[in-house]
Amino acid sequence: VEKKLNGHTPGFDAVALAKAEAIRTEAAAKADAARIEAEGKAEAEKIKAVEEARKQKIANDKAEDRAREERAAREARIAKLNRERAEQERAAREAEEKAAAQEQAEEAKAAEIAVAEEEWRNYALRFYAVCSIVALPVQIAAFYNPHALWLMAAPLMLEGGAWVVLKGAKAAAADRRPHWHYRLIAWLLAFIAAGINLWHGLNAFDPATAIGTAFASIAGPGVYDLHEHGHIRKRDGALTRRERKNRAKAAREEAKQRAAEEARKRAEKEAAAKAAEEARQALIEERKREFPKVWAEAVKIGAAVGKAPDDPAVWPRAYRNIEGTEPGESIESINARRTAEKRVAAALSGAPVNTLSKTTNAQRADQMPRTQRGPARRPPARRSGDTQRYVAAARRQASIAAKNAREKKD
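Residues in the sequence shown are numbered consecutively from -11, following the numbering used here.
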C-alpha cells in the first residue's frame, strides 16, 4: 500500500537533486577557494616572513657593520687624542726643559758677568793705587820745602781729590743724577798732577821719570773712570758701536722688505682691479647680447638715477621691469622647475604626473546631486545611482568597521 504525502504519491524530484548538487558543488568550490586562499595567504605569509627575515638580517648586518665602524672610529679618535695628548705633553716638557736650560744659561751668564764686573772693578782700584804710588813721590819732591813742609800734603790733595770726585760721580750715576761735571773735575785734577810730575821730572830727574809719573797721574783716574763709564752705559741700556751698526742694518733690511711688500701688494691690487674691470666689461657685453631689452631698460634707469647700467641697484630693477622676476629667473626656468617638482612628487607617490593636481583634495567634488534652487522646503530624495559606488576595498573596510561597532555595542 503506497502512503500519500500531502495528498500526493512520493516520487523522484530531479530539480531538488540538481539544486542539492549545485549547493554541494558551490560549497566544494567555496571550500576549495577558501583552501586555496588560505594556502595563498600562508604562502604569502611564509614569503613575507622570509623576506622580513632577510630584511632583518640585512638590517642586523648593517647595524653590526655600523657598530663595528663606529667602534673603529671611536678607537681611532681615542688613539688620535692619546697621540695628541702625548705630543702636547712632550712639547710642554721640552718647552719646560728649554726654558729651564735658558734660565740656567742666563743665570750662569749673569753670574759670569757679575764676576767679570767685580774683577774689573778690583783691577781698576788696584791699578789706581799702583799709579798713585808711582806718581806721589815726584809730586811730593816737587812740593818739598824745608821751611814749608805742610806743602807736601798737596800731592795727596790732588790724587785724593780725583778719587773723591770719581766716587761722587758714581753716587750721582747710581741716583740717576747728572755726573758729567764730577768726571770733568776728576780729569782736571789728574791733568794738573800729571803736569806737575812732567815739569818736576824733567827739571829734577830724567824724561823717562817725568813721562812715566805724568802718565801714572792720568792713567789711574782714567782707568777707574773708564770702568764707571761702562757701568753707566750698561745701566742706561746704551748700545755698542757694533750693536748700533747691526740695528741700523736690520732697520734698512726691514725697510727694504717693507717697501718690497708694499710694491707687491700694490701690484696685486692693480692686477685685481684690472681683472675685475675686464670681468665687468665682459659681463656688460654678455648682458647686452643676452638681454638687449633689459639692458636698454637699465640704461634708461641708470640715466635717470645717475648710475651705471650694471650697478647692483639698477640692473635687478630693470630685470624685474622687463622679465617680471628676479635676475636669474625666467618664465622658462620657472615652468621647468615646476615640471621637475611634479616629476619628483610623482616618483615619490607613484601617481602619474597628469593626475597630481587631482589628488590635492579627494573630496573636492560633491557626491550628491545639486539641490533645488531657492529655499529648501524638503531634503532631496536619494535614488539609486546618485553617488558613485565605492570600491570593493572601501566596502569591505566599511563592513569591518560596522561589525566592530556592533561587537563593541553588544
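Hints are computed from structural coordinates only; laboratory data are not their basis. Treat each hint with caution, since some may be false.
[To be verified] Pair by pair, the computed Cβ-Cβ distance ranges are:
no., residue 1, residue 2, range
1, 104, 71, 45 to 55 Å
2, 333, 29, 28 to 38 Å
3, 100, 66, 41 to 51 Å
4, 266, 62, 48 to 58 Å
5, 166, 110, 22 to 32 Å
6, 166, 104, 53 to 63 Å
7, 319, 245, 29 to 39 Å
8, 308, 32, 53 to 63 Å
9, 313, 266, 44 to 54 Å
[To be verified] BS3-like cross-link-like pairs, simulated, lysine-lysine; straight-line CA separation at most 25 Å:
no., residue 1, residue 2
10, 97, 222
11, 237, 257
12, 222, 158
13, 34, 18
14, 288, 276
15, 244, 222
16, 29, 262
17, 281, 262
18, 257, 276
19, 276, 262
20, 391, 18
Being a predicted model, the structure only gives us computed values, none of them experimental. Idealized CB from N, CA, C, for every residue including glycine.
A quick look at each hint next to the structure:
{"no.": "1", "hint": "104 / 71: 45 to 55 Å", "result": "holds (48 Å)"}
{"no.": "2", "hint": "333 / 29: 28 to 38 Å", "result": "holds (34 Å)"}
{"no.": "3", "hint": "100 / 66: 41 to 51 Å", "result": "holds (50 Å)"}
{"no.": "4", "hint": "266 / 62: 48 to 58 Å", "result": "holds (53 Å)"}
{"no.": "5", "hint": "166 / 110: 22 to 32 Å", "result": "holds (27 Å)"}
{"no.": "6", "hint": "166 / 104: 53 to 63 Å", "result": "violated (28 Å)"}
{"no.": "7", "hint": "319 / 245: 29 to 39 Å", "result": "violated (59 Å)"}
{"no.": "8", "hint": "308 / 32: 53 to 63 Å", "result": "holds (60 Å)"}
{"no.": "9", "hint": "313 / 266: 44 to 54 Å", "result": "violated (29 Å)"}
{"no.": "10", "hint": "97 / 222", "result": "holds (15 Å)"}
{"no.": "11", "hint": "237 / 257", "result": "violated (30 Å)"}
{"no.": "12", "hint": "222 / 158", "result": "holds (13 Å)"}
{"no.": "13", "hint": "34 / 18", "result": "holds (23 Å)"}
{"no.": "14", "hint": "288 / 276", "result": "holds (14 Å)"}
{"no.": "15", "hint": "244 / 222", "result": "violated (31 Å)"}
{"no.": "16", "hint": "29 / 262", "result": "violated (78 Å)"}
{"no.": "17", "hint": "281 / 262", "result": "violated (28 Å)"}
{"no.": "18", "hint": "257 / 276", "result": "violated (28 Å)"}
{"no.": "19", "hint": "276 / 262", "result": "holds (21 Å)"}
{"no.": "20", "hint": "391 / 18", "result": "holds (23 Å)"}
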